[in-house]
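First to last, the sequence lines map onto chains A and B.
For the first sequence, the numbering used here assigns the number 8 to the initial residue and increments by one for each residue that follows.
For the second sequence, the numbering used here assigns the number 3 to the initial residue and increments by one for each residue that follows.
Keep in mind that a hint or two might mislead.
What the hints assert, rightly or not - As a list, the in silico DSSO-like pairs of lysine-lysine whose alpha-carbon atoms are at most 30 Å apart: (1) 152/B to 428/B; (2) 338/B to 192/A; (3) 64/B to 428/B; (4) 178/A to 370/B; (5) 344/B to 166/A.
If you are wondering where the hints come from, they were derived from the structure by calculation, not from laboratory data.
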Amino acid sequence: MVDLKEVTQAVGDLDENKLMEILNGFVSENPTEEEALKVVNACQNGMAIVGELFEKEEYFVGDLIFSGELLMEAIKILKPLIGSSSTAKVGSIVLGTAHGDIHDIGKNIFKSMSEAVGFKVYDLGIDQPVSAFVEKIKEVNPNIVGMSGVLTLALESMKETVDEIKRAGLKENVKIIIGGNPVTKEACNFIGADAFTTNAAEGVRICQGWVK
Amino acid sequence: MPDTKALQQERNSIYEDLFNNKIPKRVPINIGLPFEPIAQYGGLDLASAQWNPALVEEAADKICQVLFSDSCPFGGSIRYPSYYQSLESQSFVMGSNGFIQHPEVVGMLPEDYDYLIEKPYDCLLERVLPKQYKALKLDDPFIMAINFAKSIMAYQNDTMQAGMIIAKLKEKYGYYSGADRRSGGFTEAPFDFLADQLRGFREISMDVRRMPEKVAEACEALYPIVLKKGMPSAVDNNAAVFLPLHMPTFMREKDFAKLWWPSFKRMIDEYASMGIHCQLFCEDNWTRYLDYLYELPTDTRLMFEYGDPKLIKEKLGKKHIITGLYPVTMLKTHTKEQCLDKAREMLDVLAPGGKYFFSTDKNPLTIKDIKLENYCAVTEYIRDNGVYSNAGETAGLAFNRDDYKVDPSASRKLESKYYRTWENYKAQNPKVSDLGESKLQGFEEMIFQYLMFLLL
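Sequences are here, hints too, so could you generate the full structure?
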């Protein structure tokens, strides 16, 4: 069995070579499913370190993107060992870029970070009409709806989306978080979301607080 | 209209002072509303109006009547669908609401680095452009030639239509006449050019960690291309080459210092050594890089999006010309009084000592992004209150091109079979008269400019 702390540290340090070396060594020893799940968990803990360093401004968005890639690679190596069982989901998020806006870098970072802490994420994609959010909420009954946008025009689209979620009687059961460059406290009030952030790590923490 | 002429003279003189380290009579107000909000203001359907830029003239004229600015508030667009669509662009596409936007795209694969480093311009034309522009069909040369010709003509047509409206409005309302048209330029830092349409935001973030040496070499390879892309054909102290700065705030300082800054700094110094100024849009929050910005040539124009105006003014205000920082989103989410308070704060902090002109932190994208009434109140407030009592005095440091020396042998030269100098051309066509130079070489330059514009 590998040193789990070392796995966590390699992810936290974004040390790709070291992480791959440990994981490939681990896989070659024919570990049990339970052991593999522990390693997955150690990787997720590493992502928490990445999030902390991001908030301390030691890491930046480029590093978050790289950490998402690193985690994906790690899961790819470990997946065959895990089989059908997977770690319990802490909650679910319907996520998408509001209509009129086709940007998704921030959304994708938030997605990989929230998946890393155990959320099930339903990613609708970019430029999503109001109806796509409403339909998906009806279908999967998520805990949280996340909306993203880079352009200032996305604020108006987010408001329309929230209004429609309310009109459809779905707001009672979900928390709504908005994120992206133009989002501010005032914009959040105007839109009627429950929380806002321009920082993916903070956004994940807010979501974790909601499903505790 | 003598009033208009007098107003234009006043405007020209406050900009002239701004750019020549003098305290102007009042703070110049530089408002630029993009094509989209103006079309919406005129009640035009955006998706169709963009196909005929001449349609917005009436709306642009109306904006000029209600919104005070010293520069013409209508600037046209650099992203019309005619040329992007005729090339089947992947990197500029229309969203569901008619807005042309730039999605995350990858135009160059990791295995292309070696070719980019060896023959940068060839790689851009042969590999990157056909990936981003599907109508540039490498296997169907005539279709490709026709598509390309159509696109470049559409570009000239649309740019000219918008240009004619701007010229008319400048005369009618006495806006700042601006510098010689040939003395401006538009380009990117070498690293940003690589990150933007070549590798994409996501992929470049991997490359910085996985192959930093290749990234550094690629920046060197791209240097002569982006330098030439921005190079004006005439030098004018009032003009500037515009560079939006994309990636630094998303990078660690360590990576920035090693990979982003060196080629960029050399480029700005090289322009300065020729007497050319740059206007940089420092996207996002540059607080942690202010000391780097201080090192740039005197009178570099810095437009900031976010950051502490006080700190920026303290650190940079004597050397550089500052603008931006006024949060455009306030114009929608706050009351008129709050917007005016913010305007007062901007003037209090940024105006003293000169080297400041007013603009918002970014342009509104749609007319719904702002309450026009608030915007009008803010610019009128700046006009009436941004008045200097010490006009004519010296403002901070003076620019001197001789302070900047760049060793030409430090940079690579643009060499490619796809770009011919007049000497090359003459060698192949010895009978050509030099009278043909301005025309043929002019077209050669125009095509280079357009091809690289497609990757900006």
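Quick rundown of the hints versus the structure:
1. 152/B to 428/B: Holds - the C-alpha atoms of residue 428/B and residue 152/B are around 28 Å apart, at most 30 Å.
2. 338/B to 192/A: holds, 18 Å
3. 64/B to 428/B: violated, 52 Å
4. 178/A to 370/B: Between residue 178/A and residue 370/B the Cα gap is close to 25 Å, so the pair holds against 30 Å.
5. 344/B to 166/A: holds, 25 Å
Checked against the numbered hints given earlier, the structure breaks only hint 3 and satisfies all the rest.
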